[in-house]
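Chain by chain, the residues:
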Amino acid sequence: MMASSYNAKEEDGHPSGASGHGGPGVVKSKKPDNTAFKQQRLPAWQPILTAGTVLPAFFVIGLIFIPIGIGLYVTSNNIKEFEIDYTGVNMDSPCYTCAKNFSWNNTTPCTCSVDFTLKQPFESNVFMYYGLSNFYQNHRRYVKSRDDSQLNGGRSLTDPSKECEPYRKNDELPIAPCGAIANSLFNDTLELFHIDSNGSRNAIPLVKKGIAWWTDKHVKFRNPGGNSNLTQAFLGTTKPVNWRKPVYELDPSDPENNGFINEDFIVWMRTAALPTFRKLYRIIQKKSSTTPTLPSGKYTLDIIYNYPVLSFDGRKRMILSTISWMGGKNPFLGIAYITVGSICFFLGVVLLIIHHKYDTRNNSADIPN
Amino acid sequence: MTWRSPLALMRDALRGQRARDKELRNLVSNLPYEGLDKAKQPNRHFPSNAIKTTKYTLLLFIPMNLFEQFHRLANIYFVGLAILNFIPVVNAFQPEVALIPICVILSLTAMKDAWEDFRRYQSDRKLNNTPCLIYSKEKQFMERRWKDVRVGDFVKVVCNEIVPADLLLLHTSDPNSVCHIETANLDGETNLKQRTVVSGFLFEPESFTGVVVCEKPNNNLNHFKCYEKPDKERAGAGIESLLLRGCTVRNTDHAVGFVVYAHETKSMLNNNGSRYKRSKLERKLNIDVIFCVILLFAMCLVGALHFLWLQALPGIPPYLVPDSSGHLDGPSLSSFYTFFTMIILLQILIPISLYVSVELVKIGQIFFITNDTDLFDEETDSRMQCKALNITEDLGQIEYIFSDKTGTLTENKMVFRRCSIMGTEYPHKENIRLAVLGEPESEEEVIFNQRPQSLQTGWSLDAEDTTPRDTTQRRGSRHRSKVAGIAQSDVAFSSPLETEVIPDKKLLQQISRAESSSGSRKTDPYLDFFLALAICNTVVVSMATAQRRRSDNLRYEAESPDEAALVYAAKAYGFILLARTPDSVTVRLPSGEDLVFKVLDTLAFDSNRKRMSVLVQHPITKEYVLYTKGADYAIMELLGTPYAQHHLDCYAKEGLRTLCVTKKVVSAKVYESWLVDRQRALAAIDNREELIMDTAVQLETNLSLLATGIEDRLQENVPDTIMALREAGIQVWVLTGDKPETAVNIGYACRLLEEEDLLVIDGRTLTMALSPDLQERFVDLAKRCRSVLCCRVTPLQKSRVVKVIREKLKVMTLAVDGANDVNMIQAADIGIGISGQEGMQAVMASDFAISRFRHLKKLLLVHGHWCYTRLANMIIYFFYKNVAYVNLLFWYQFFCGFSGTAMIDYWLMIFFNLFFTSAPPVMFGIMDKDVSAELLLGVPELYRTGQGAYTFSTFWVSILDAFYQSLVCFFIPYLAYQDSDIDIFTFGTPLNTVSLFTILLHLSIEIKAWTVVHWVIMLGSVALYFVVTLAYSAICVTCNPPSNPYWILQSQMADPMFYLVCLISTVVALLPYTFHVMRNSIAPSPIVQARHLDRLDPSEREQWIKEWRSF
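Chains as they are written, first to last, in UniProt numbering: chain A, 1 to 369; chain B, 1 to 1111.
Check the hints yourself; a few may be wrong.
[What the hints assert, rightly or not] Which chain B residues face chain A? A few, computed with CB under 7 Å, are given here: (1) G326; (2) C896; (3) D979.
No wet-lab data here; the hints were simulated from the structure. For glycine and all other residues, C-beta sits at the position ideal for the given N, C-alpha and C.
Work the whole structure out from these sequences, hints included.
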């Protein structure tokens, strides 16, 4: 269609030059320009992929990848990570009762404690995560079920986006924050205690600031109204159905951490990419250079068990991890680099052999008939 | 305008409809009605002369253009998907956003269409406002514009003006009532043609009260019939009295005509746009698109596994979102929805921009082909023309070439070489020497210096008593209509070559002997022979032009080169054709006397009779003499006296084209009775052509022979071209109307026949061979022969041969023709016209037009190879690219419960396809160069090996590769980010980046030659990706929910993991190319070997090619 009318002019059958046929006119040769571009003779680099030409690349890749891989692997191994599942699926698990007797409407929270032992001390800052398995935060309709302009303090506070349905309005009152993501906010409370040698419980201070992205906390999420009185700002809205308290009372301890800019909320709203995920919960800061952040020994995790996961065969975990420049513990990348580097090195050797055996012959190649 | 009742209007409209549809139209002059209401105009039903070639109107452009575009299935598919996205339960993206790609594609195409239509509008307007002269009430011609011309007007056209509408010629300034026209605008023929005034008509516009009855408009340029009813008798007129719109009036001061067709002119009806051919590659492409659709459905069905996943859930998890009423769909219904969501999500598996890109690539390829200086012919100043715009890649797929001889392999510049008169051979040895030297210019001096001295003879001049008689003789012989180079409109077969006849001394003596003895008024065969050469033709003598001929400023405008050759030959012997009018021919004899022959009739050439005759009355003897000229076999069967075939055979063996000239004296009685039949035939309006032909055959009997041989030289480099084409694995067939001997001779000359496995077949045998029961065996036999030569075949047979081979062997065929075998050209997959000396019809009907046969070599071996490999690789790459990218989304479905989530921001997905990765493949398709032109020409065998670039297996290998790469691009980041706190769109960022790098690097490996353009576009694409994505991530806080990729790329780019993931994924994705590398080293394909040779410096390369050739 497009091509067929490329030179429409000639095909229209118009006598071309209706008026000027007789005119003298300078006869201009139609000879095409003899330019390198038009004659397709632009200078070109014409690489041919043969063993000889690519084998340096393979060796270079091998030489670069293997050290990177070793570095990654070592770094990953140096990361200390501790993980404990507190779902309470088994009868002997401390949270079994809480898990069984769950209802969103429970007024009295169910609590349970899990004991664990750290065999090695955690030296640097420790990140405390909660992990969920089999939770499809990436489900299409779930992902959509939010109103970012509401969360940004926009006008849609009282008229949330239709994407939030059916968590848009409750009893004719707009829900703030609306949508299924907010509605299913993770609401277990985790507290960590160190058990002394003498058996006393020392609460470990958990920092809840700085767990969200800086840009989320300061740009993407904003409270409406701008006035400091959040109760006033959220007037005319109602809390999500599953929530126990409204959004402006999420963190009674810190008035700056309430409303849409509550960091736990922000972290939850950044929906996980994969069904098994962890989310940063608290940070345990290193206090002094002499004592480890978390010395080895016995610990107790106190859980206010609010969040049901058995309906989807899910698991809940608490993870303690130190962190490096490459993030959390993951030996995969290191192993992958070492493997690929080795393969490339090996292929390089194979290509070297091939090059010696065949490539010299190519230059005297006779083209087969 | 006065008010008229709707009923009257409707009645009038119906009447108009009826008037237009009638087989015969009655037209009257507008003059008496001038100034009256439109309703009172008798010719109001016929359309005015304003033309409108635009497809669209301003108001209706959008609906009409959309309607046009929706003829393409792919567009409907994408619009359907976009609409599907508006259904809330299945939508994968924001509905408005999903419309963007299809809107971009549609509006790009619409913009291009609008621009083209605007250009048409401009040229229409220019044409409609061209001034012309129309006779008005004021009894004079008034200046009006073309669009004002109406049926029934009298229009005056002056010299060098273009005829505004189809005019019935009523008056000319020429005393012989003829008007010369040039039809270059219609058919490219630059020779002059004569048109004659309708006989028996006195031109007085005011008193023109008759009714012109003419047929319904049709598109036959060579046929027209009408008669007038000037109340008295029916006077017929045909095409010889019709001035066609678009012709130019030449050599005639002015002419006046009656408008019979305005707007529905023959030239307009002939203009039916360009043809649409679907290339072989495109057909394959469509099949693969269907495979993609199947693949898409399979993937979507996998998506419907959602169902199983849902059923495995023990309860209702918080992440399943019910609909607004709080109701959650059951597993099966939700799977059903998921299926459609997946179709929307994975839709770009069918590449939306593929068709547009293919068209862009073809435009680019055509640009390069037409701009190739090697395909430019200096002599005629003509470039290669691509008429069919979408089959360039088929040039690289040719397996069979069918070629005509005359004008294709040969120059079709005829030179009189030998003749045989009364059984005596006059070999004209001097001419042979000249031809061998082949330096015409330097020989010019020799040409005329041997002009025989004028001899006094007793012949007296006869005053011509020409009575105006109805004549139809000037029916242009339309078989060999012809053109001399497009650019040199002032030269028609008058280049020096044809005139180079050096008279044979023996023959000169014979003539002078005959002349001196013809005082007795006896006709002598020698004189007759040359008189026949001078008379028996339709050559027009033109004197009005510049003094190109030296002594005598005669210029001959012949419709076929052999006619010109014969006239020039006669001239060389002193028989000079001085003038030709419809009624007489003036010939100057060697003695210096001018003889005026009265032309009684001309029986024009037609391809059935293969001969033409002129019936003249000898001014001295008053005998009626019929001179006939034609192909030897067309004449032989009519000979009254048997004639030794010997000389003719001998000529044919030398590769000369043989023509026979005959003479017959017709008695007055026979003539009279024949004339009655002839008149009846001419006046007939039905079957006129057949009747006229019958009468011609009637007269052409019992002829007596004079013979001649004409040489048609081979074009330069023909043998070399044919050799190269055959080395390229192409079978070359020559189909010619010549005698077997001539054909075989030419075959040897052009190195077509050097093998033993040769099949020569003549027309009659071919008829049998092509009969249904023998077809199979014929094709089987032909397949085994290295060369096939068909001689004495008719145009119809040529096209049948092509058709049979094409259909039975399922091969790509190409037909080359230099004249007018339109049938053959259209029967083949590709028709190539050679715009040479003769016949523009072939060029008009062809897909590609070249000016020399040798251009075929570069056109096929280089451009064909390039176009095909480029396009094939580009298409494969396109499929690969889309599958590789879409599969990322597909793999993700296994981790999001088959819910149809995209982890890449939708805008970025659109941009990815529309901007970041679209220019490189288009550039690749236009500019890639696997092997240099020199090598492709030097080693024609590469042509064959290049033909397998796009096959079933290459397609599936690339799809598999795409699957592998997408697996790598997905699972390496997946494993690296497993069980981390990464969010959806952050996870999508490395995936998107990795696939961009993989896709572009994959192309980089495929690109065989990197020029500046390549570097700019490839690096530009990567830069564009980062700039656009960074900018978008910096701006979009809440602009595109739910992704809103605010600061995502920025934070990723600050994270070393991102680079490490991208690096390893890209390397692993491209690792399979190692096999490719090993194959290139261990068992390199011919193309790879050729590329090795290409890297040598030119002299060394020459050496290699030569060395290789010697095997």
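Going down the list of hints, with the structure as the test:
Interface hint status for G326/B: upheld, as the beta-carbon distance to the closest one in chain A is roughly 5 Å, under 7 Å. Hint status for C896/B: holds, given a least beta-carbon distance of 4 Å to chain A, under 7 Å. Using the Cβ-Cβ criterion of 7 Å, the hint placing D979/B at the interface with chain A is satisfied: the shortest such distance is roughly 6 Å.
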